[in-house]
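Novice: Okay, here's what each chain looks like letter by letter:
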Amino acid sequence: MEYDVIVIGAGNAGLVSALTLQKKGKKVLILEKSKMAGGVSSSFKRGIFEFDISLSKLTNYGNEENKGEIFHLFDRLGISSKITMKELEHSFHIIDKEKKESYTFPVGIDNFIEQMEAYVPNSKVSMITFFGLAEEIRDAFNYYNEQQVKNTEDLYLKFPNFVQLAPCKTKEVLKKIGMPEKAIELLVATSLPEKNEDENFVSFALHLENSIKFPSVIPTLTSHEISSVLEKEFLNMGGKINYFKEVEEIEVENKMVKKVKTKDKSYLCNHVIANISPITVYCNLIKKEEVPKEAFGLQNSRDLGAKCITVYLGLNKSPKEIGLTKYQYIILNSLQSEKEFKKMNQIKNGNLYATIRNNGVEVSSREGTTEITLTSYFYGRDFEKEVNSSNYYEKKQEFAEFLIESFEASTNTSIKEYIEEIEIATPVTFNRYTSHPFGVVKGFNEKGYDNFLSRYFTEEKETFIKGLSFCGGFGSRASGYENTYLNGEEVANKVYEECMEK
Amino acid sequence: MKDIIIEKNPKKAKAKFDDLFLAREQIIKSASKDAKLHDSIKNLTNTLHPKNIEVEVTKIVEETKNVKSFYLKRKEGETLPNFEAGSYITLEIKINDRIYKRPYSISSNPKNTQEYRITIKKVPDGLVSTHVYDNCKVGDVFTISGPLGNFHYNKIRDEKDVIFLCGGTGITPILPMIYELLENQKVNSILLYYGNQKKEDILWETNLEELQTKYSNFKVKFLLTEEEIENYIYGNITEEILKKENLNGKSFFVCGPLEMYKSLNEIFKKLDIPNKYIRHEIYKEELENLLRIEHKLTIKKENQTYTISCYENETLLTSMENNHINPKAHCTVGECGFCRSKLLSGEIKTEISSLRKKDIEMKYIHPCVTYPLSDVSIELP
Ligand SMILES: Cc1cc2nc3c(=O)[nH]c(=O)nc-3n(C[C@H](O)[C@H](O)[C@H](O)COP(=O)(O)OP(=O)(O)OC[C@H]3O[C@@H](n4cnc5c(N)ncnc54)[C@H](O)[C@@H]3O)c2cc1C
Ligand code: FES
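If you're matching them up, the sequences are chains A and B in order.
Per this note's numbering, the very first residue in the first sequence carries number 1; after that it's consecutive.
Per this note's numbering, the very first residue in the second sequence carries number 1001; after that it's consecutive.
Excised from the complex, chain B in its bound form (with noise of 0.2 Å):
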């Protein structure tokens, strides 16, 4: 290597080398002392999303027969964290000595960060629901996740004009995308189709007949199953009724029970629409004819080791929460990965869409979606 000259006398050379680290310390011993980290990004962060957040109902509203709606304020009174409409967060309760997680969107507008609303349907032998149904009073307080999901309008991706498909709660994430939407103008166009049973389980429907006055841009459509009146489309949402709107660039939001995706998704296929123009809800998939039969489920967390019973048709969530095994959990239909443990052995009936390809090579599971078949060990990290 032929010698290159930037300094030609060595003893510079050799003294601006040493610079380098003499000039370090000068700069150290002259820079602040301060011993106090300015991070205003770490306060937007928290801000926005807060690991979790202690709440208060403040108010009760009686919707519908079996839908009650809940007012949740701050407890230190702060306001709550802006949110993406369409978002959910994971509401923590205590029954009988057992913590338990669920998560409801949030069915309130955006821009109130005030109070968040959750609304709540009491589903027939359904633990929590039942319980903040029959039992939450106003007073009452709560832990729950800051907002969480991926169900969201996204004016990059989606198109301008955009269909929404809803049957009961399913509207609770459905409504803030309309209210963001309009007010926002950011749509040219919003068709709804909200399905229910009967006229009376309908929710909001003054709200939404409102908001359709008001915006010229905003179309509502109710269907009902069970009863047939005046204007109101008696059944389901079939390929006839969609066929007759102009589907072409149109975004789809679904969210509902399962047999409407499960239908609609039918549909779908059969209007040849590329899935780029229809977003779900995550839901979880009913896994069908599963009996109670028990088995022993083996539970490896830090230096402990716990064995309890589960039962073929109970996710291996749902019994660590019944026997006091807390883990973590947020959306509990095996979409946001929180979850995540390691099988170590035992057969299982699970849901493999949302795992990482290394994680299922590795044996990684989602607990909130895995059924046991046998004698099942886990791990939880």
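Same shape as in the complex, but just chain A (with noise of 0.2 Å):
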């Protein structure tokens, strides 16, 4: 066999997934259908200015004293040293309409529990809580991961606390700790634009601490400058990657993976890992009576994750002229959440991150110019419902000028006179270049039965197809930049100790 493990799809956990094996010794194929690697983790150009397209910030980074855990992974990779990042000085900055009222928190746990104690007085107790349970949800997790314990009464006896929080929603918990109902507002708030109620506290709290412990960084040159480095590494070690090669068909036979195959090509393999999703392999890529029954009853009974509208704007002025000095823009139409929640059934609702990529990356465009990305997220079927191909390019005007005014609105500048550069992404948009059905870019949503805990614990039982693992935004981790990355490892590792096995 030409290849022990066929990768499709060269996106952020794909790359990771195929440079991880390919340093432990496997011969690594990633077959892409598009004509680079990184997916949405890359950038595009217009006039003088060059976007990004999906990267806001990289959380749980941090710097050379003070490694998050994608640091640690990029030293494994051995490509922390090849990236220049930017330290952010903000963990979050949060703006609420309604109220007229902003908010700035620091990076790191202390400072981030002093400042919350200054915008909401007695909730220092809560906070410090609610931090010592973040600690042991993380310790219990990689305990669980470590030893792959299966067992509840095991887990109950070292992580009691773990046990008792993983079927809680998040509310529920910051309540039952005593938090005043502003702090949970706040908390809630530096995630509201894209999670949805049912949000489970464990990785809620797994998140907001990784956010707030490590500084967030972005790359110098766009997240196209870690695409780039990924793929060059996997290439150096021997990988090999063939673009503008749309995989057709997974051929199983018994219940195992034995080819993959693009239009003109078939390889022979038993290994496969589908950084794309689960609904497009078992659906559209292995022949229906191969694939067991649960697999669709598995997929149907997922709710997509969020859909996006992203307006890329250059503007021929520099952030200071404009009056913008933060690097992210939280934006809420008020800080209850539940209300919130309900809008973001709206394609319009109103919820939004604008990113100032110049006040992370100064020379990022040239002087006297700015880079702004706004992206809100929705969930739901107005999309389609409103959009049409004969409407289309009207409508995504709307929904950008829309943005653009709330943004203009909330923050209190004005920016529409100074566009010299627009671009508008929407769903269509995103079907086209990552073809996640419906064009959504958050993978399945994290709820209840099917969080991220719960991904875990059923990873092995849900194996329906021997060989066919599947990383990515619609993995276990569920999606975002630091989720993709350490998910894409553990992949690597599973499928190389499957490897090993035969």
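Think of the hints as simulated: they come from the structure by calculation, not from any bench.
Glycine included, every Cβ here is placed at the ideal spot set by N, Cα and C.
Mixed in with the good hints there might be a few duds.
Said to hold, decoys possible - If you only want the chain A side, here are some residues facing chain B, beta carbon under 8 Å, derived: (1) L221; (2) F244; (3) V291; (4) E294; (5) G297; (6) L298; (7) S301; (8) S390; (9) A400; (10) E401; (11) K416; (12) V428; (13) N431; (14) F438; (15) Y449; (16) F457.
Unchecked claim - So these bits of chain B aren't anywhere near chain A, every CB distance computed over 12 Å: (17) E1092; (18) N1265; (19) I1348.
Unchecked claim - Here are the simulated DSSO-like cross-link-like pairs (lysine-lysine), alpha carbons at most 30 Å apart as the crow flies: (20) A:K339 <-> A:K176; (21) A:K265 <-> B:K1301; (22) A:K258 <-> B:K1029; (23) A:K494 <-> B:K1016; (24) B:K1328 <-> A:K35; (25) A:K35 <-> B:K1051; (26) A:K317 <-> B:K1269; (27) A:K385 <-> B:K1111; (28) B:K1036 <-> A:K259; (29) A:K259 <-> A:K466; (30) A:K461 <-> B:K1033; (31) B:K1036 <-> A:K288; (32) A:K24 <-> A:K466; (33) B:K1073 <-> A:K35; (34) B:K1065 <-> B:K1214; (35) B:K1033 <-> A:K385; (36) B:K1008 <-> A:K124; (37) B:K1363 <-> A:K45; (38) B:K1094 <-> A:K33; (39) A:K288 <-> B:K1029; (40) B:K1051 <-> A:K263.
Reassemble the complex: the two chains are provided individually, in unrelated frames, and hints are given to aid placement.
Specialist: Following this line, the structure appears as structure tokens:
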């Protein structure tokens, strides 16, 4: 067999898993349908501007003195010294439009708690409890990962809090630990524009802690820098990537992977890692007879994650001239999360993330200019209902205009008159470039029985076809740069074990 | 860490934890086993952005002495994708068993998705244009790309008063914009300066005049460089001509031959018009004084290596096309990035303005705008 493992898709997780396996001595081939590596972890040019397609910030990275998990991962992959990262100053900057108030949080847990106490007196004790729980969850999770315990008894003995918290929703726990309402809303606000009310406490706490404990970073030359370095390292290690190769079939026999087929070629292989959605794989790539019914049951039972509209703007004024001082603005109609979660079913919901790239990397674009990205997430089927092929280009403009105006109103700035370049991405755009079902950018929703814990604990049981694994935004850790990089390595390690079993 | 109590009873706590996974099993069991993906967004994507379209030439119109329009309909009889006015398609054509790709603007009204019209000028020594102009007949079948490009009016970015400046076949992407802006009342006023050598070279003169009569906010001014005729401006577009208009708060759209871009850029600079107000259709920088000096071009593609001849006055893309290597390409002028390849060795002359910063560092090139200055070796994706 020419290759030990074939990875479908060169996205974040695909690249990391391919590189991990190649470094361990496996022969890996990546088949990528588009012309280059990275998936949405890439950039594009318009005029003098180069826009990052999707990265707002890389959390859990840190720096040389205070390394987060991603820094450690990049060390293991041998690429951390090959990327120039810029540290971001704050962990969060939140704007409450209704009350016309804003909140800026620093990096570091102690600083964060102190700042929260300043905004919300008497929140300190509960904040300390919160971070304590987050630590225990991390320990439990690592313990699970290392020991592969499947035994609830054992887990409960060591991590009783963890076992109790696992089935709980975020707000339920925050209330229980006596956190003042305002502090709860502020904590939830940090990820509100992309989350839903069903979010599980365990994943909430883990992610929030990671993004506070370690400074977040952005690569100087956009996320394309990371993808390029990953790709190069993989090739240097002897890996192979074929571009313009869309996988059309995974041939399965007796519930085992046998071959991977593109339009013009067929590759014998027993291990496939799909960096694409399992929905696509089961429905479109494998003969129906070979897919167990449960596989379809699982996919049909899940909720697809958020879709988004993203507006990329190149302005012919500097951030300073416009009056923008922060790197990222989390803009919310209000801090009433319940109400805002409900609103996320509308495309024009008013909650958004704004990223001012030059406030992270000053030289990101020419002096006297600014690169801004505005992203608004939404759930549901409104887009398909409202948009058709004849009104598509009009609707795009309408959604973008709404986002720009929301941004202007909430930051008290005016940017429209300085727009030199504009590009608008919709679910159609993301579907076109990633092929993800419905153009979602957030994998599957994390909720109740489908939070990342349940996914982890059931991974083995839900391996329906031997030799077929999934990684990436639709994988166990759900979407996001941090998650998909880590997930790429985990899946690679698992596949490595499988390869060695024979 | 002090313990928190959510579930006092350890037995119940553990049971709830286990339930998380049991519930999952139950839900999977009772969920629909439908094996079909009903992806309505994918349908929309496929409609708007098909990778390739088979089209049939249904009508050919001789517009001027060396310009013909070709009307293209989908072979399967379906409608063509909606497009933003200003878009181009890439025409793929086989000549002497070699495949060539060239971009052509869609010159028809964007509201008509039954057919596209492309309008091709026979370029002296131009391989594809000459071939199509001389040989293409009604009933011929081509493969074209879906609509592409970034030369569009954007109502968020652009002003409500628009000045179009174009020359010769440069009118092709502009005409659909004029239709669209006028018919949908998107702007307050449109002024078109359209330059040609002689009156007989003007494309769609009567159409433009009819539009002027129908829409009071549309004005067209024709310029001729080789003929003096009453009511036609004699010469090129100059600073003096433009200065007669109030240029403040106007958006300019430019499409025409290279000399026109060059002279207009000078004028815009002199008049202090910020880049934000100026949109260009893409074009190829002409590299002067390049001689037909032969070099070797080595191409790595998947597991194969090819070595062919290339010339200092010919792009690497053209050399490859001439040698049966069929690299991906759309715009052929260094903008779309579709031909992005890695330079492995050799000296080149190229245009880097559309390359990503990291790509410049890592020696990526766009072969469509790269000329060899020595033996060159590249890797195709
Ligand atoms: C976005 C875009 C849209 C375009 N739309 C149109 C259109 O609507 N109608 C149209 O006729 N052409 C259009 N073109 C030009 C067209 O794609 C081809 O370049 C042209 O037809 C020549 O191709 P060829 O194979 O005949 O010549 P080639 O063999 O490729 O080139 C022959 C020589 O002619 C020069 N040359 C190439 N194009 C031109 C030109 N337009 N005028 C003068 N010299 C040229 C080349 O530099 C070269 O030296 C467009 C180009 C772009 C980038
Ligand atoms: S074909 Fe568009 S950049 Fe070369």
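Novice: Look at each hint and say if it fits the structure.
Specialist: Hint by hint, here is what the structure shows:
no. : hint                : in the structure
1   : L221                : holds (4 Å)
2   : F244                : holds (7 Å)
3   : V291                : holds (7 Å)
4   : E294                : holds (6 Å)
5   : G297                : holds (4 Å)
6   : L298                : holds (5 Å)
7   : S301                : holds (4 Å)
8   : S390                : holds (5 Å)
9   : A400                : holds (6 Å)
10  : E401                : holds (6 Å)
11  : K416                : holds (7 Å)
12  : V428                : holds (5 Å)
13  : N431                : holds (5 Å)
14  : F438                : holds (5 Å)
15  : Y449                : holds (4 Å)
16  : F457                : holds (5 Å)
17  : E1092               : holds (15 Å)
18  : N1265               : holds (14 Å)
19  : I1348               : holds (20 Å)
20  : A:K339 <-> A:K176   : holds (21 Å)
21  : A:K265 <-> B:K1301  : holds (15 Å)
22  : A:K258 <-> B:K1029  : holds (27 Å)
23  : A:K494 <-> B:K1016  : holds (28 Å)
24  : B:K1328 <-> A:K35   : holds (9 Å)
25  : A:K35 <-> B:K1051   : holds (13 Å)
26  : A:K317 <-> B:K1269  : holds (18 Å)
27  : A:K385 <-> B:K1111  : holds (21 Å)
28  : B:K1036 <-> A:K259  : holds (22 Å)
29  : A:K259 <-> A:K466   : holds (12 Å)
30  : A:K461 <-> B:K1033  : holds (18 Å)
31  : B:K1036 <-> A:K288  : holds (9 Å)
32  : A:K24 <-> A:K466    : holds (21 Å)
33  : B:K1073 <-> A:K35   : holds (29 Å)
34  : B:K1065 <-> B:K1214 : holds (28 Å)
35  : B:K1033 <-> A:K385  : holds (25 Å)
36  : B:K1008 <-> A:K124  : holds (25 Å)
37  : B:K1363 <-> A:K45   : holds (17 Å)
38  : B:K1094 <-> A:K33   : holds (25 Å)
39  : A:K288 <-> B:K1029  : holds (18 Å)
40  : B:K1051 <-> A:K263  : holds (15 Å)
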